[in-house]
Amino acid sequence: MQHILDAIQAEASAEDFANLELPESYRAVTVHKDEVDMFEGVPSKEKDPRKSLHLDEVALPELGPGEAFVAVMASAINYNTVWTSIFEPVSTFGFLERYGRESDLGKRHDLPYHIVGSDLSGVVLAVGAGVTKWKPGDRVVAHCLSVELEAPDGHNDTMMDPSQRIWGFETNFGGLADVAMVKANQLMPKPEHLTWEEAASPGLVNCTAYRQLVSANGGNMKQGDNVLIWGASGGLGGFATQYALNGGANPICVVSNEEKAGIVRAMGADKIINRSEMDFKFWNEDGTQQNPKEWLRLGKAIRELTGGEDIDIVFEHPGRETFGASVFVTRKGGTITTCASTSGYMHEYDNRYLWMNLKKIISSHFANYRESWEANRLIAQGKIHPTLSRVYTLDEVGQAALDVHHNLHQGKVGVLALAPQEGLGVKNEELRAQHLDKINLFRGI
Numbered sequence: 001m002q003h004i005l006d007a008i009q010a011e012a013s014a015e016d017f018a019n020l021e022l023p024e025s026y027r028a029v030t031v032h033k034d035e036v037d038m039f040e041g042v043p044s045k046e047k048d049p050r051k052s053l054h055l056d057e058v059a060l061p062e063l064g065p066g067e068a069f070v071a072v073m074a075s076a077i078n079y080n081t082v083w084t085s086i087f088e089p090v091s092t093f094g095f096l097e098r099y100g101r102e103s104d105l106g107k108r109h110d111l112p113y114h115i116v117g118s119d120l121s122g123v124v125l126a127v128g129a130g131v132t133k134w135k136p137g138d139r140v141v142a143h144c145l146s147v148e149l150e151a152p153d154g155h156n157d158t159m160m161d162p163s164q165r166i167w168g169f170e171t172n173f174g175g176l177a178d179v180a181m182v183k184a185n186q187l188m189p190k191p192e193h194l195t196w197e198e199a200a201s202p203g204l205v206n207c208t209a210y211r212q213l214v215s216a217n218g219g220n221m222k223q224g225d226n227v228l229i230w231g232a233s234g235g236l237g238g239f240a241t242q243y244a245l246n247g248g249a250n251p252i253c254v255v256s257n258e259e260k261a262g263i264v265r266a267m268g269a270d271k272i273i274n275r276s277e278m279d280f281k282f283w284n285e286d287g288t289q290q291n292p293k294e295w296l297r298l299g300k301a302i303r304e305l306t307g308g309e310d311i312d313i314v315f316e317h318p319g320r321e322t323f324g325a326s327v328f329v330t331r332k333g334g335t336i337t338t339c340a341s342t343s344g345y346m347h348e349y350d351n352r353y354l355w356m357n358l359k360k361i362i363s364s365h366f367a368n369y370r371e372s373w374e375a376n377r378l379i380a381q382g383k384i385h386p387t388l389s390r391v392y393t394l395d396e397v398g399q400a401a402l403d404v405h406h407n408l409h410q411g412k413v414g415v416l417a418l419a420p421q422e423g424l425g426v427k428n429e430e431l432r433a434q435h436l437d438k439i440n441l442f443r444g445i
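In UniProt numbering, the protein residues as written are 1 to 445.
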């Protein structure tokens, strides 16, 4: 891989990149199929990704039509890598087996190991037959939507394609590696005022937040909307807060401590609910029954911040713990957008508050091609910024995933792959200088 890194750092020509010898194998972070039962009987929070994530030398797959190999300079940790590493809610090898039954090209993904990771920044190494918009040497990031688009369903919204998958989670050959294999239509231009690790980090969560809050497929946010954002300084919430501020809405930011409150204040938000101070008890101690009086306390706190107004859109991703409260505090005719459910998938809410007040629940999953491109364009323009807080190396991915699993991180956690150190890859120093404080907002926290 050294000759590839040398070419990247020397900014070699497209012709030189096209003539580079591809490696027979490369480093990649994997989980192993023969270990899917390793955590059987262990509570979720006690499952340790350091035990299941391995840094292996793996064979380079065959490149298919419409695909690309990317030399990965940096990647990032998302919650789907945590789910993969603890084999919850199901083993991801089931996804790979189903993909393998779909086609001969799909069979390449059905392996006894799963290369994880759904973000990257890097340089195109090679492209398959039929690829015309990208060439070796192009500096890129990748979104994680993988679709076949052979059925009619996805041609209005690619997320509706029956073969829609999340790359690096429901497919193999993900981004936590020295080389990744993607569909060429996953590629987008790298924002050139950012380092490799900064450019890799927005990916999944930025696009997810864009669709869930801004897009007509999600919350369809408009100026003046009151937006309740759970985990407003986190990986998803940090981008939702930026989109609300950037779009003229009023983010009501829920955070878990004063340190995180300071982060959202620095982002420009001024309506903050500190959960540790409020000490909400939405559920009884054994988690079997909710307490509507606590919903009322949350609603009162929101009205104190908004001058008596209720919530237009809830940006919901904790799931079970907060969903009943989210439905309750939304205004009549308002919208609850939901994804992820990191505190539990089995949501409970009082349907009287939804049904009789004509509220809407909208499910939102990642983003389609157009939404992903728009979200990346806003990063490239310096209107939305990375939320990178810490950077690990590939051999430290287990620890990085553990930190995310236990919510010990802020914003996004990055991972260096081929990049030998942080701080490389910037081409637009002028734009960077204009936004450096925002780019570094989550660093050193």
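Since the hints were derived computationally from the structure, they do not count as laboratory data. Ideal Cβ positions, reconstructed from N, Cα and C, are used throughout, including at glycine. Heads up, a few of these hints could be off.
[As the list claims (entries may be wrong)] Cross-link-like lysine-lysine pairs, in silico, BS3-like; alpha carbons within 25 Å at most:
(1) Lys383 x Lys360
(2) Lys271 x Lys222
(3) Lys383 x Lys427
(4) Lys222 x Lys383
(5) Lys222 x Lys438
(6) Lys33 x Lys51
(7) Lys33 x Lys47
(8) Lys271 x Lys133
(9) Lys271 x Lys281
(10) Lys281 x Lys300
(11) Lys332 x Lys360
(12) Lys45 x Lys33
(13) Lys332 x Lys271
(14) Lys135 x Lys427
(15) Lys438 x Lys427
(16) Lys438 x Lys133
(17) Lys293 x Lys281
(18) Lys47 x Lys107
(19) Lys135 x Lys271
(20) Lys51 x Lys222
(21) Lys271 x Lys383
(22) Lys281 x Lys45
(23) Lys271 x Lys300
(24) Lys293 x Lys360
(25) Lys47 x Lys222
(26) Lys383 x Lys300
(27) Lys222 x Lys133
(28) Lys293 x Lys383
(29) Lys332 x Lys300
(30) Lys33 x Lys135
[Unchecked claim] Okay, the calculated beta carbon distance ranges per label pair:
(31) Trp355 x Pro162: 43 to 51 Å
(32) Leu149 x Gly307: 29 to 37 Å
(33) Lys360 x Glu309: 12 to 20 Å
(34) Glu348 x Glu88: 14 to 22 Å
(35) Gly423 x His32: 32 to 40 Å
(36) Gly299 x Glu97: 43 to 51 Å
(37) Thr132 x Glu348: 48 to 56 Å
(38) Pro189 x Asn246: 32 to 40 Å
Hints violated by the structure (numbers, ascending) | 1, 8, 16, 18, 19, 20, 25, 26, 27, 28, 30, 31, 32, 38
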